[in-house]
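Residue numbers (this note's numbering), protein chains in the order written: chain D, 1 to 272; chain R, 1 to 447.
These are computed hints drawn from the structure, not numbers from a lab. Please note that a few of the clues may not be correct.
[To be verified] Only pairs whose alpha carbons sit at most 30 Å apart, straight line, appear in this in silico BS3-like list of lysine-lysine:
{"#": "1", "chain 1": "R", "residue 1": "K303", "chain 2": "D", "residue 2": "K83"}
{"#": "2", "chain 1": "R", "residue 1": "K388", "chain 2": "R", "residue 2": "K303"}
{"#": "3", "chain 1": "D", "residue 1": "K172", "chain 2": "R", "residue 2": "K61"}
{"#": "4", "chain 1": "D", "residue 1": "K153", "chain 2": "D", "residue 2": "K19"}
{"#": "5", "chain 1": "D", "residue 1": "K100", "chain 2": "D", "residue 2": "K261"}
{"#": "6", "chain 1": "R", "residue 1": "K63", "chain 2": "R", "residue 2": "K77"}
{"#": "7", "chain 1": "D", "residue 1": "K153", "chain 2": "R", "residue 2": "K303"}
{"#": "8", "chain 1": "R", "residue 1": "K90", "chain 2": "R", "residue 2": "K388"}
{"#": "9", "chain 1": "R", "residue 1": "K61", "chain 2": "R", "residue 2": "K77"}
[What the hints assert, rightly or not] Far from chain D, by Cβ distances over 12 Å, these chain R residues were calculated:
{"#": "10", "residue": "A70"}
{"#": "11", "residue": "L85"}
{"#": "12", "residue": "E165"}
Owing to the predicted nature of the structure, the values given are computational and were not obtained by experimental measurement. Glycine included, each C-beta is placed from N, C-alpha and C at the ideal position.
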Amino acid sequence: MTGVQDITSTSKSAAAIDKARAEGRAALIGYLPAGYPDVEQTIAAGIALAENGADLIEIGIPYSDPVMDGVVIQAATTEALAKGFHVRQVFDVVRGITSKTDAAVLVMTYWNPVIRMGVDEFSRLLAEAGGAGLITPDLIPDEAAEWMAASDKYGLDRVFLVAPSSSPERMKRTVDASRGFVYAVSIMGVTGARESVSSAAQGVVAAAHAAGAERVCVGLGVSNAGQVREIAAYADGVIVGTALVAAIRDGGVEAVAALTKDLSAGLTREEA
Amino acid sequence: MVRPMVDAPTTGSDEGTADAFLQGDRSLRHAPGPYFGSYGGRWMPESLIAALDELEDTFEKAKADPDFVAQIADLNKNYSGRPSLLTEAKRFAEHAGGVRVFLKREDLNHTGSHKINNVIGQALLATRMGKTRVIAETGAGQHGVASATAAALLGLECVVYMGAEDCRRQALNVARMELLGATVIPVTSGSQTLKDAINEALRDWVANVGHTHYLLGTAAGAHPFPAMVRYFHEVIGEEARAQILDQTGRLPDAVCACIGGGSNAIGIFHGFLDDPSVRIYGFEAGGDGVDTGRHAATITLGKPGVLHGARSYLMQDDDGQTIESHSISAGLDYPGVGPEHSYLADIGRVSYEPITDSEAMDAFRLLCRTEGIIPAIESAHALAGAIKVGQRLAAEASSAGEAAADKIVIVNLSGRGDKDVATAAEWFDLLDKDSVEAEIGKEGEQL
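Bound conformation, chain D alone:
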């Protein structure tokens, strides 16, 4: 386990969250699907995210069967695939952003594209591109033996999800298997902007912290600065996806920059 501890201390995601914490605020994590509307604009929008207050950037790989995504992200990734997006282009996106910014860049992917390329090969290419690690919505630690080995080998963060339905045993197992941070799903559902963030989120974060997680970030349904402020009061980071995808869809890179600036205003915790 000492090897794991050593890598933890160099986790890019952990460093980005700790930097925000040192500034007295939660970290902002912004999601964009790779190749939407095209690879160049994904890179430009990623850079805009970083320059306007995002500490970590999550780049999604478009996939044919995205069971955890709502209609906005589905529409974007379906369009990216229709335009001919290939999985290997995600490394161009990661390299394009990490070469221009200090943000930690994670890849969010359903698991089959990784298996198809080979878990070791995918990990090697991600590390070479400067990526921080992977967020894996349909991979649980129980099935992650290959990914555990590859992420150790290449020094990558492995961000597993915990949910309001996770039992205490599963919470502990998932926290133990994760590195960088733990992704707390705020509600039982799929991605998509919601008017209010479920009260379940705070409980999930508390349970993950109690299970030993040092960094817990909340995602699903977060779309505005008010919600960011609410979550920043108890979580280590706030993840925004659908609202940013709608922004790039409707207003391009400038809209992403403006929304990020607005969202980041909610990060600072009010003094106790």
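Since the structure of chain D is already known, use the hints to place chain R on it.
Chain R in isolation, oriented as in the chain D frame:
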């Protein structure tokens, strides 16, 4: 359920274990999951793991509960009409090399196919879990109709997800489900096919898992679905084995079934897996032909991957994106396959072969005209395969100086073909060009 975390399968072949089985080292029956060799497992969002654990726990307790077993047996007998017949098809058999052919008549079950076995079992489990709502996916509508039936019988709310294009083509099946009290939701995401209906059902399940059971229609998906769906269909193989022994005094030489997700097949195969003298064949949908790219021959041409919760053979491109399948039979038109079939293929216990649309439709017409039975087009794939298997067995018998008539083949006739009359009428050009039906047929509508 607590399972070891780091012993998950990776890759590698399971070849060789079939020999061990044939030497009597171990049984292939009642494989409990979650893994079948390197296949199966739970490749699912964490949000659903608690529900899968609850389902597994409820299922294991129910299997051990004599009341549950008796309840299933009662409904099978007095509601579904089991046991289904085993009918010898003597005139059809003349076209299969002259071997003896027996049909396991799942087409005679209530709702017209094997699907009722599984939906009754799962709907009863839903009530045991205190869940008041079931959701299901459906392609042509057969599993949707069966689910709506079981929900009506047990007083459960039922929502069925169905590709928008399938809803249009199968308007009468949509009406059937609605008559039975179900709500049908057209799915417009992705490729708008069966796999997308499953995706949409999974999204519903994540959001409503507290009071909703996902009544998956085939022996695929995350554990415990493959082992559980097989359990509810094992009755097919158990009956068939007892019936053939009763009617002929011996085991068959071969058992044939069609494979989409593979639930009817695993049900009948299970009865014979531990009988080394019985050769077992699964027939996949070859569509326009396996060299055309338009087919659903998942095991024949796919590569291992994960989809809808299980590791199994999968039709996918070099990027791991799921490829759309094609088949004249909606029930076989699925780019994945149940994980136990992938395992049985790798160890060589079951042979999987493709049957083209054209071969299936020839067998469809042949059964109509020789036996007076209109089969489901799905089942016609098994019939076409049985013709080939019968001819091979006859050739073997001939070279061994034996009579073809001493060879026995069982075919699982998984469903009836009433639902397929419009497709068949169009295929065989039976409609008057000026008829209303022909106009509708041009649009791909079902009559």
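Each hint tested on the structure:
About 25 Å separates the Cα atoms of K303 of chain R and K83 of chain D, which keeps this hinted pair within 30 Å; it holds. A hinted pair counts as satisfied when its Cα atoms are at most 30 Å apart, and K388 of chain R with K303 of chain R qualifies at roughly 26 Å. A C-alpha spacing of about 27 Å is found between K172 of chain D and K61 of chain R, which places the hinted pair at or below 30 Å, so the restraint holds. Restraint check: the Cα-Cα separation between K153 of chain D and K19 of chain D comes to about 25 Å, which is no more than 30 Å; the hinted pair holds.
Distance restraint check for K100 of chain D and K261 of chain D: the Cα-Cα separation of roughly 18 Å lies within the 30 Å cut-off, and the hinted pair is therefore satisfied. Taken as a hint, the K63 of chain R and K77 of chain R pair is honoured in the structure, with Cα atoms around 18 Å apart against an allowance of 30 Å. For a cut-off of 30 Å, the pair hint linking K153 of chain D to K303 of chain R stands: about 26 Å separates their Cα positions. Taking the CA atoms of K90 of chain R and K388 of chain R, the gap is near 16 Å; set against the 30 Å cutoff, the hint holds.
Between K61 of chain R and K77 of chain R, the direct Cα distance comes to roughly 23 Å. Compliance with the 30 Å bound is thereby established for this hinted pair. Non-interface call for A70 of chain R relative to chain D: holds, since the shortest CB-CB distance, roughly 32 Å, exceeds 12 Å. The non-interface label for L85 of chain R is consistent with chain D: the shortest C-beta to C-beta separation is roughly 39 Å, beyond 12 Å. Listed as outside the interface, E165 of chain R is consistent with that label: its C-beta sits roughly 16 Å from the nearest C-beta of chain D, beyond the 12 Å cut-off.
Consistency note: the structure conflicts with none of the earlier hints.
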